Amino acid sequence: MNLTVSNPPHLKSKVNTPFLMKQVIIALFPAIAASIHFFGIRAVILIANCILSAMIAERIILLLGKKPSTLNDYSAALTGLLLAMTLPPSVPWYVASLGSIVAISVGKHIFGGLGANIFNPALVGRAFLMAAYPKILTTFINPSSVDAISSATPLVLRKFSQVITPTTALFFGKISGSLGETSAICLIIGGVYLLIRKVAGWRIPLSLLLTTTVTSAIFFIINPNWGSVWFHLFGGGLLLGAFFMATDPVTTPTTKRGRYIFGIGCGLLIMIIRYFSGLPEGVMYSILFMNALTPLINRYTKPRRFGV
Amino acid sequence: MIRIAEYKEPQHNSFSEKFHDPSKLYLPLSQHTGAPSKPCVKKGDQVSEGEVIAKASGAISAQLHAPKSGKVIDIANWYHPTLKKAPAIIIQCQDEKKEYSPRKDKDIELLTQEKILKTIADCGLVGMGGAAFPTHVKLNPPKKIDTLIINGCECEPYLACDYRLMIEDINKIFKGIRLISKLINPKEIIFAIEKNKPEAIKKVNLLINTKKFGLPPIRSFVLDTAYPQGGEKQLIQLIIKKKVPPKGLPFDVGVLVHNVATCFAIYEAVYLDKPLVERLVSFCGDALVTPKNIWVKIGTTLQELVDRKILEFGKEPKKIICGGPMMGIALNSLDYPILKNAGGFLFLSDQVDDAQEEPCLRCNRCVDTCPMGLLPLEYVKRVKKGEYASLSEFNIVDCIECGCCSYGCPAKIPIVHYIKTGKKYELNSK
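From first to last, the protein sequence lines stand for chains A and B.
Using this note's numbering, the letters of the first sequence correspond one by one to residues 1 to 308.
Using this note's numbering, the letters of the second sequence correspond one by one to residues 309 to 738.
FYI, nobody ran anything at the bench for these hints, they're computed from the structure.
Do not rely on the hints blindly, as some may be mistaken.
Beyond 12 Å from chain B on every Cβ pair, some chain A residues (computed) [said to hold, decoys possible]:
{"no.": "1", "residue": "21"}
{"no.": "2", "residue": "90"}
{"no.": "3", "residue": "106"}
{"no.": "4", "residue": "116"}
{"no.": "5", "residue": "135"}
{"no.": "6", "residue": "166"}
{"no.": "7", "residue": "193"}
{"no.": "8", "residue": "196"}
{"no.": "9", "residue": "221"}
{"no.": "10", "residue": "223"}
{"no.": "11", "residue": "233"}
{"no.": "12", "residue": "306"}
Straight-line Cα separation of at most 25 Å, PhoX-like style, residue types lysine-lysine; simulated pairs [to be verified]:
{"no.": "13", "chain 1": "A", "residue 1": "12", "chain 2": "B", "residue 2": "689"}
{"no.": "14", "chain 1": "B", "residue 1": "363", "chain 2": "B", "residue 2": "379"}
{"no.": "15", "chain 1": "B", "residue 1": "689", "chain 2": "A", "residue 2": "302"}
{"no.": "16", "chain 1": "B", "residue 1": "732", "chain 2": "B", "residue 2": "393"}
{"no.": "17", "chain 1": "A", "residue 1": "67", "chain 2": "B", "residue 2": "689"}
{"no.": "18", "chain 1": "A", "residue 1": "12", "chain 2": "B", "residue 2": "731"}
Listed next, the stretches of chain A that the computed footprint assigns to chain B, with coverage defined by at least 3 CB atoms under 8 Å from CB atoms of chain B [said to hold, decoys possible]:
{"no.": "19", "stretch": "4-17"}
{"no.": "20", "stretch": "248-262"}
All values reported here derive from a predicted model rather than from experimental measurement.
Don't be surprised by glycine CBs; every beta carbon is placed ideally from N, CA and C.
Given the sequences, and given the hints that come with them, work out the whole structure.
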């Protein structure tokens, strides 16, 4: 008899890393469908380009480090997909590819690969592009036009022209903006799916969304020109950020209290940037900033000891 | 807390069997928490069933009895599930049966507290839910007990012996509870059972409603099926909403928890003068043709059960586990004896999981499911780096090793393995 001896437990759940990554990709399907509906073949090419570039970058980096391939855990594909969702549909192919490569190399592997990175890799890629190609990254096209006619996003319109986009347009996504950010309803469907399947925790998205809701409600009551609650919830990258970026387990706090703090911090920073800074949108920088604070949050939110 | 597949069929519904004529018995001197018993027989001695063969040594220890008449053929090191090898008394059994005749209820009523406690101590009773803490010590707490909790949760998957006992012998369990309540005078008794044991719940409620045992206020408490709520601290937290302090014991919050099998053993000890020489054990897993619940003599080896065709393998077992799948110990042969606290043995074939360990995603599943509110991923990180000194900062000693963290880990990290390594260091450094 050939018996295995190992420490308990001897039962393991079926959930594994590739399963979780695949679930997040599945949760993005509605938003992907919306992006294809609004931006057509541009969306298909941009998504395919980002995913492929990310996977090739991952493979090459691991080959250089003489490590086994990790492509089958879908994490590189997910990083590429998430980056694509945050880019304007009109970005040139080489910009998108470069973003993916930076996301995988600088965002992930410099820190030691999966599980070791401090910042959300997709957002690192986007932040790099924002610095390198600010004009390209802030030029958006109108979803209904056949040609790429540049058109301002709702957040830009509010901030610099005092024009408030109707909520229904924000809700269904017929607005200009980043590829995967325009349709609020599709992102909500995906986000709720993640929460129901217990792929993402609920503490961060809930506290983030509640913070933005409360803040925007207060400001709206003071002066409606600040934009309504719905406007701030459905506009820009808030929902994509709340459900898909701020829930990245690797770069967010591990303690329960820490996750509330992370969500509230993100929410407040987003609103501060939207209201008072020179930028129309602040989801990316807020999440990256809170990523940097994560080790500190972890240290000061250790759980209370059982029975004390 | 987690929800796991229960794997309770078919043993949940199979009537208990008996195996009372082993040829040899291996009785380790350490079958309980505390000091090992001291042998009071020597090689070549003739012993009769129920005779003391090793005496309790020290305040926390337990008596050991010959489960069967026979001859002591050796006192030597033998396989032990937790100690690997440990001194054991080996008995060559003879075919002789001892009858135990029960005393009358009214005679029992005349017994004093001291007499009951002494009988329990003399009979070598230990907690049969797994911890094996000497029962007479537990029944003599230094503080007043308000609540007595009877633990019929059996939250580990597969195991069914407590369930069968509740179905087949609930009257005797209640008589045992009556004896415990005579000893500690609780204000209230709570019988805790998980929802997946409907027949036992029915029987318990029926007996509670007859009120014929003269017990203090007693009620049943049906819990959702979740793991590890059969653990003392978890059960107390769930039922009376109090948390046992770190390094504390249930009596610190005025509670005493006893397993149903222990209550049954108390009945047998006091009513029959029968020492703890046999117990009901679940034998389950996909390698067995028919999973069973069997009354076996303490000290019977698995090998004997297989040789005598009591257990039959349909498939070659790849893993044999003493205890449940979540906290049980993997064995490397069939030579291990059944001890007083062994509620079950698993023989797994296809259900063996051998996934490779991957990098931690910090997904928090271990944090969210930890019933002690710990940060299991921090232990893994620190043990891997060899930073043992920082482990106490995260209260590693509080870990009850229930295995929820390893169970749910998507990266398949054997978290409990790392925690055990860390705990060893923590203990050695003190």
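Do the hints match the structure? See the list:
Consistency note on residue 21 of chain A: stated as away from chain B, yet its beta-carbon is not over 12 Å from all of that chain's, at 9 Å minimum. Look at residue 90 of chain A: its CB is around 34 Å from the nearest CB on chain B, clear of 12 Å, so calling it non-interface holds up. Annotated as non-interface, residue 106 of chain A keeps its C-beta farther than 12 Å from every C-beta of chain B; the closest such distance is 18 Å. Listed as a non-interface residue, residue 116 of chain A fails to keep its Cβ farther than 12 Å from every Cβ of chain B; the least gap is roughly 7 Å.
With a least beta-carbon separation of about 36 Å from chain B, residue 135 of chain A lies farther than 12 Å from that chain, consistent with its non-interface assignment. The Cβ of residue 166 of chain A lies farther than 12 Å from every Cβ of chain B, with a closest approach of about 39 Å, so its non-interface assignment holds. Chain B leaves residue 193 of chain A outside its interface by the beta-carbon criterion, the shortest separation being 17 Å against a cut-off of 12 Å. Listed as a non-interface residue, residue 196 of chain A keeps its Cβ farther than 12 Å from every Cβ of chain B; the least gap is roughly 15 Å.
Annotated as non-interface, residue 221 of chain A keeps its C-beta farther than 12 Å from every C-beta of chain B; the closest such distance is 36 Å. No Cβ of chain B approaches the Cβ of residue 223 of chain A within 12 Å, the least distance being about 40 Å, so the stated non-interface status holds. Listed as outside the interface, residue 233 of chain A is consistent with that label: its C-beta sits roughly 25 Å from the nearest C-beta of chain B, beyond the 12 Å cut-off. Distance check on residue 306 of chain A: its Cβ comes as close as 5 Å (rounded) to a Cβ of chain B, failing to clear the 12 Å threshold; non-interface status is violated.
Note on residue 12 of chain A and residue 689 of chain B: the hinted pairing holds, with a Cα-Cα distance of about 20 Å set against a maximum of 25 Å. Between residue 363 of chain B and residue 379 of chain B the alpha-carbon distance is near 18 Å, which keeps this suggested pair within the 25 Å criterion. Taking the CA atoms of residue 689 of chain B and residue 302 of chain A, the gap is near 16 Å; set against the 25 Å cutoff, the hint holds. Taken as a hint, the residue 732 of chain B and residue 393 of chain B pair is honoured in the structure, with Cα atoms around 19 Å apart against an allowance of 25 Å.
Proposed proximity of residue 67 of chain A and residue 689 of chain B is supported: the alpha carbons are some 21 Å apart, at most 25 Å. Note on residue 12 of chain A and residue 731 of chain B: the hinted pairing holds, with a Cα-Cα distance of about 22 Å set against a maximum of 25 Å. For the stretch 4-17 of chain A, the proposed coverage by chain B is satisfied: 13 residues have a C-beta within less than 8 Å of a C-beta in that chain, meeting the threshold of three. Coverage of a stretch by a chain is defined here by at least three residues with a beta carbon nearer than 8 Å to that chain's beta carbons; for the stretch 248-262 of chain A and chain B the count is 7, and the condition holds.
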